[in-house]
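**Q** Chain by chain, the residues:
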Amino acid sequence: MRLPDEFSFSCPLKINCGTRALANLPAELSAFNANAPLILASRDQVGRKRVSTVIDAFRTSGLTLGIYDRLPGQPQPDLMPVLARMYRDGGCDSVIVLGHGSVVDTAKCLNLMVSTGFHGRTDDSGGDAADPGPLRPLMLVATSGGNGDEVTGYASDGVRRLCSPRLIPTVAFIDPAMMEDRNDRDVVDGALIALVHAVEAFLDDTAGPMCRAYAHSAIGLIVNHLPAVLRKTDRKKNLCAAVNGQVAAGCAFFSSSPGVCHVLATGLKQGTDLPLGFLMAILLPHMLAEAGFNQPERVGELLYPMVGADIFAVTAADLKTPRTIALFWEFFDALNAELSLKIPTSIGDAELTDEQIKRIQSRLARGSIDDHVARILEGARHGVTAIDD
Amino acid sequence: MHVPGYYEFFCPVKTVAGHHALEKIPQLLNDLGAQRPMIITDKGVVAAGLVDTVSAAITPGIQMGALTDDVPPDSDLKVVVQLAGVYRESGCDAIIAVGGGSVMDTAKGVNILVSENTEDLMQFSGAGILARPLKPLMAIPTTAGTGSEVTQVAVIADHVRNLKMPFASYFLLPDLAVLDPRMTLTLPPAITAATAMDALTHAVEAYTCLAKNPLSDAHALLAIELIGQNLLNVLNEPENADGRLALAVASNLAGVAFSNAMVGMVHTLGHSVGAVCGVPHGACMAILLPYGLEYNMHKNGYLTAQLLLPLSGARVYAQTPAHLRAQQTVAAIRQLNQRLHQETGGRHARFFKEITGPDGSARVPVESLEAIADKALGDGSILCNPEELDRDDLLMVMSHAWAGKPLDRNLVKKGDLKIR
Chain A
1 MRLPDEFSFS CPLKINCGTR ALANLPAELS AFNANAPLIL ASRDQVGRKR
51 VSTVIDAFRT SGLTLGIYDR LPGQPQPDLM PVLARMYRDG GCDSVIVLGH
101 GSVVDTAKCL NLMVSTGFHG RTDDSGGDAA DPGPLRPLML VATSGGNGDE
151 VTGYASDGVR RLCSPRLIPT VAFIDPAMME DRNDRDVVDG ALIALVHAVE
201 AFLDDTAGPM CRAYAHSAIG LIVNHLPAVL RKTDRKKNLC AAVNGQVAAG
251 CAFFSSSPGV CHVLATGLKQ GTDLPLGFLM AILLPHMLAE AGFNQPERVG
301 ELLYPMVGAD IFAVTAADLK TPRTIALFWE FFDALNAELS LKIPTSIGDA
351 ELTDEQIKRI QSRLARGSID DHVARILEGA RHGVTAIDD
Chain B
1001 MHVPGYYEFF CPVKTVAGHH ALEKIPQLLN DLGAQRPMII TDKGVVAAGL
1051 VDTVSAAITP GIQMGALTDD VPPDSDLKVV VQLAGVYRES GCDAIIAVGG
1101 GSVMDTAKGV NILVSENTED LMQFSGAGIL ARPLKPLMAI PTTAGTGSEV
1151 TQVAVIADHV RNLKMPFASY FLLPDLAVLD PRMTLTLPPA ITAATAMDAL
1201 THAVEAYTCL AKNPLSDAHA LLAIELIGQN LLNVLNEPEN ADGRLALAVA
1251 SNLAGVAFSN AMVGMVHTLG HSVGAVCGVP HGACMAILLP YGLEYNMHKN
1301 GYLTAQLLLP LSGARVYAQT PAHLRAQQTV AAIRQLNQRL HQETGGRHAR
1351 FFKEITGPDG SARVPVESLE AIADKALGDG SILCNPEELD RDDLLMVMSH
1401 AWAGKPLDRN LVKKGDLKIR
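Chain order of the listed sequences is A and B.
The opening residue of the first sequence carries number 1 in this note's numbering; numbering runs sequentially from there.
The opening residue of the second sequence carries number 1001 in this note's numbering; numbering runs sequentially from there.
Certain hints may be false.
Just some of the chain A residues that point at chain B, by a computed CB distance under 10 Å [what the hints assert, rightly or not]:
hint	residue
1	Leu3
2	Gly117
3	Gly220
Some chain A residues flagged as far from chain B (calculated, every beta-carbon gap over 10 Å) [to be verified]:
hint	residue
4	Gly47
5	Val159
6	Pro258
7	Trp329
Don't read these hints as lab results, they were simulated from the structure.
Given the structure is predicted, the values throughout are model-derived calculations rather than measurements.
No residue lacks a Cβ here, since even glycine has one placed at the ideal position from N, Cα and C.
For reference, chain A alone in the conformation it holds in the complex (with noise of 0.2 Å):
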């Protein structure tokens, strides 16, 4: 393995993943000097079962707790002043989040309010952005549906992007109690973004070994237990071992820099219906057949979390990065076998125009990856892999 000349990880969050993981909750929050949460959650996205769930947990803790479960759908901006002053009201020192996507960025926007007074000159935009100091214990209880952004330090307040390694929760705690029977497109479409987020935190020269050991599990996690949450197979265990995987992406993916499956989809993505992870898994195998002509060693090492020790060993060093995009397509035929809506093959079945990619293409591609970026997605245009050829 070659190192970079120089790198540097964080990676602030506490992992509790596995069989009743939300005992713990008391504990923690005591461990990180807390002991009056304030709990927010959608009771619409996990439902009132699970609330009550994680408000079990602090049954026998004598602690107090706030609970808003009615946080909508989208951030609301004009939501945070009443929850900032609930939160201080109600004593509270420490917010515990159940679930994903804007829930989880309204309570990492709350605590950011409630510790520091700070409104969000943290941007991702590459400004120059103040460090906001540390904030208030965050525990985040995950749940099926995510797609490893609860982890980062990234969130929308409805407004603008926030981003700050401050905003990364405390502790995620992953419980098998807690994994929802949500339908599988949207369990496929969180993986599916982990999963790709995972691979190009992977293959990022610069990121390091720590981040690279995230993503290595990630990619290990998700692959090996996804077709069997499909499956039904023991679907709670199941979908804790991959939402497990998502967390641990997350992790990477905000310790590397976004990669061309990423930029790219998210471009695609404004003019197609398509679910975001459908598009990143459409571009995946391209990307893949790129980078293994340039670092075909690199590439050819994502084997071993997919497939272990034994088959990576015995496959022939030229062979690895065919294999692995090879296998990528059985995983997605896989999930095709058990999915009503099926990932497409090509960005031509995700009914995208030529003239959308293009003008895409134009806008994301600049300087010298221009051929690069034209190669993957001339190739996922088609859905053959360069590789093949």
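With chain A fixed as given, assemble chain B onto it according to the hints.
**A** Here is chain B on its own, set in the frame of chain A:
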């Protein structure tokens, strides 16, 4: 990929690594809101010129508050209290620990006293007693082995009352670990070998013992790969900065792995040999690692087998029949010890019998084995070992490791419990 029923994983320490990592310290301190750091180190580190290297790298942007090299080889309460006084008198606002395990422990102890504004360290002894963040602490390890720059524990000895005070808290974790190969370039070959084997043992036990999890596994595999690829190269070419950086990073990865997955009987016996006979920790780990793997092989041989890939590479792994891979992993570690023995002119011991003191006497006399076994029974790391150990087992393993004979696995009492 092994997913346990429940696990926890945590390492919030920011790691900054590279050939010019030291030059980043001013900015890193600034990010922590610190301007007058106190450097805590020991005389060996100063004599090696490492503090000069650190000072030269950071003084353009930072005014040093104080520098002390009074840390003894074994951390001491009186020194901790004295250094806390120096910190306060000098108006410092952060600590930079430059050194090995004792320096890190001392720095953590000082940080408790100055952050809590007290002279009484004892009241914070135990797990989870600290209730709030401490002053900024930066760790710059000068050996590539202990991984103590990423651990949340410290042990301070009170030599007056003859007791050791353990401390465990998230708040003890350093804010930053700075890994720069210049800090280990001058490490003598024998210490390079022993400390790297310490790191290898952390990674191997984290991967093969009971508290493993997907994230500790990934850290352990990368650590083993880096050590396997770089240790002998560094011994052949001590000023190989890329190799030195790789070993420092491997030590850090192994530290993260074992502090989230615990260790097993290699540490159980190693701690005991260190306590009874005063043998350096790394030397104990290097000798005992193959024995620990052999002892547990009927329980976790499939995990030991997997380690052949990062340790010896894909070709060796593929060429070794599956049922022999675990034994081949053990053989590879023994071969590594043999090579280290040769490369260090015999200073790297392969078994306990060949460790001698300055006067040529045996450091681990055969009569001490019973005392070692007795003491090992009380070591906490015994809990995460895959196979149970009683006094006879410990004595049996020690007698093999003392004489340098491969373990007679027919003598292992195989428990009925399966690992789930």
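**Q** Does each hint hold? Answer for all of them.
**A** Going down the list of hints, with the structure as the test:
1. Hint status for Leu3 of chain A: holds, given a least beta-carbon distance of 6 Å to chain B, under 10 Å.
2. Interface restraint check: Gly117 of chain A against chain B, minimum CB-CB distance 17 Å, threshold 10 Å, status violated.
3. Proximity of Gly220 of chain A to chain B holds as hinted, the smallest CB-CB distance being about 4 Å (cut-off 10 Å).
4. The beta carbon of Gly47 of chain A sits about 24 Å from the closest Cβ of chain B, which is more than 10 Å, so the claim that it is off the interface holds.
5. Taking the minimum C-beta to C-beta distance to chain B, about 27 Å, the non-interface status of Val159 of chain A holds against the 10 Å cut.
6. At roughly 21 Å, the least C-beta separation between Pro258 of chain A and chain B is larger than 10 Å, which holds for a residue marked as non-interface.
7. No beta-carbon of chain B is positioned within 10 Å of the beta-carbon of Trp329 of chain A; the least distance is around 21 Å.
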